[in-house]
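Chains as they are written, first to last, in numbering that gives the first Met the number 0: chain G, 0 to 295; chain X, 0 to 295.
Simulated from the structure, these hints should not be mistaken for laboratory data.
All clues given are correct.
A pair counts as met if it fits within one copy or between any two copies, since identical chains are not told apart.
Derived EDC-like pairs (lysine to aspartate or glutamate); straight-line CA-CA distance at most 20 angstroms:
1. K252 x D185
2. K250 x D184
3. K189 x E81
4. K250 x E183
5. K267 x D277
6. K250 x E284
7. K118 x E183
8. K63 x E39
9. K189 x E255
10. K286 x E276
11. K117 x D160
12. K221 x E263
Quick caveat, the model's predicted, so the values are computed rather than measured.
There are 2 protein chains.
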Amino acid sequence: MSLSHGKLELKKTLIAFQGELGAYSQSAVYSFFGRDTVKEVIPLTTLQRVFSELCSNPETNPSKPNYAVVPIENSIAGSVGETFDLLLSKDVKIIGETVVPIRHALVIHREADFKYIKKVISHPQALAQCREYLDAHQWEEIAVYDTAGAVKIIRDQNLFDTAAVASELACEIYGMKLAKTSIEDDHSNKTRFVVIVSARDASSMPSESTGSDKTSVIFSTKHAPGSLVRALSVLSFRGINLSRIESRPIKSKPWEYYFYVDFEGHVKEERCRQAIEDLESQTLELKVLGSYKRAI
Amino acid sequence: MSLSHGKLELKKTLIAFQGELGAYSQSAVYSFFGRDTVKEVIPLTTLQRVFSELCSNPETNPSKPNYAVVPIENSIAGSVGETFDLLLSKDVKIIGETVVPIRHALVIHREADFKYIKKVISHPQALAQCREYLDAHQWEEIAVYDTAGAVKIIRDQNLFDTAAVASELACEIYGMKLAKTSIEDDHSNKTRFVVIVSARDASSMPSESTGSDKTSVIFSTKHAPGSLVRALSVLSFRGINLSRIESRPIKSKPWEYYFYVDFEGHVKEERCRQAIEDLESQTLELKVLGSYKRAI
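Could you put the whole structure together from the sequences, leaning on the hints where they help?
Written out as structure tokens, the structure is:
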């Protein structure tokens, strides 16, 4: 599915993500679909709920989302294991990806002032990512469950002595004030998100090659020497570049793994179609998650 | 290094792990070295500190540990990313591995009774792993930082209405009472730990092939089609089985990865020695973490 196709349909679409309003996942929704075209977002508490709602029956669930945008890997912290596990266990397809730079801002109450700050609150990972800036000040640090949630706390409790580390979007959504932007240590920190739909919805969204695509698959291999290399050779033999490999445990079989592989190309290209045909014979189980326009 | 060699030297050794006294990592220390032979363990708050202390200078740090035992993967939750990153960045060698079954017990104060329980405290992951048992009761659940730490809280605060989800070892160490054993949903849940030493200490510990070994390496590849498959082929070409592959982001280069590979055999075996020689020519960077007796 191309971006323009997404925009075309968005008048009636609901897009789900995990986290509070203003979470980085919401920035990813805007990054992929375009902020002006998104009518309604659905913030949900857990990734499990995002996938369940996406796959629910629209006849019994009027707020069933049409799309969801979920984080899959961060350029510093690595893969989001739970997303990988849900991509396997739920009947979903990937129709796109987007990359969001993680820029942390220092957010204060709209009526507060920088000089009142005594405490700073955020998700522990966000606090850790602003170590240099925070160490240069002497504020007490308090961990909370979510970056955007920290801004919400400042607004709801009218805190004048507390700052939050969060996105500029969270600052804007809760009507608070930017005290400082880009306070993260590493300005190259990015998160990659995938855009997913239920398999049922995907069947009415034909995906076409754009000439710059990527295909995602999950497979398990026989427990025998060389079986992973044989499966991957199906790609290299055809000159198809592997852009990502990730392994996740098979929960019922300790020390056996599912492999998540992204490779260049689209299933509608002949060499990719053939590679998938060969993968079927070289693997125990194979799930094709979809082909979509690459963002990186 | 063989287990017997470890036992031989243990009279004067200090062994570090991450967590409170009674953590599952302490069970891993006993599992590898033998409980009777371990004289002194050093619980440290973070994995970062475990690696730093292990690599510190014994002349300036009298409590420098000789060994550390760190978790590397769980059969359900997957890899411990931080351990992989520290294995790359710190100058350490792996000299062994051990697998510990994760059996959660319900622990109460030694003077309390099951019927007094109103609350249950533990690490959120441990609470999640006992979902079926906890759902069958109506206790309030409270997340704390550590499983063994939960038992310590019950002892230190003399809580009679609160139970902890933790190991039997934690119960014993803090002198508390077992209310119920094996309350985990999945009895096959296991964690694999590796036993590490500083590279300097490793140089005086010659490792010999036992006939059932595994070798761990970390490498990065050229950013070109087929480069990972070519590197792995060095092993499959020699009939060497790959037992594990894991990828971790290269922090300075978004969307490029280090690969962590375990394969069967010992560097003192000719085919493994040759494979490593070839890996050097097929990779950009290569770090050999060590060869050791396999536990799985």
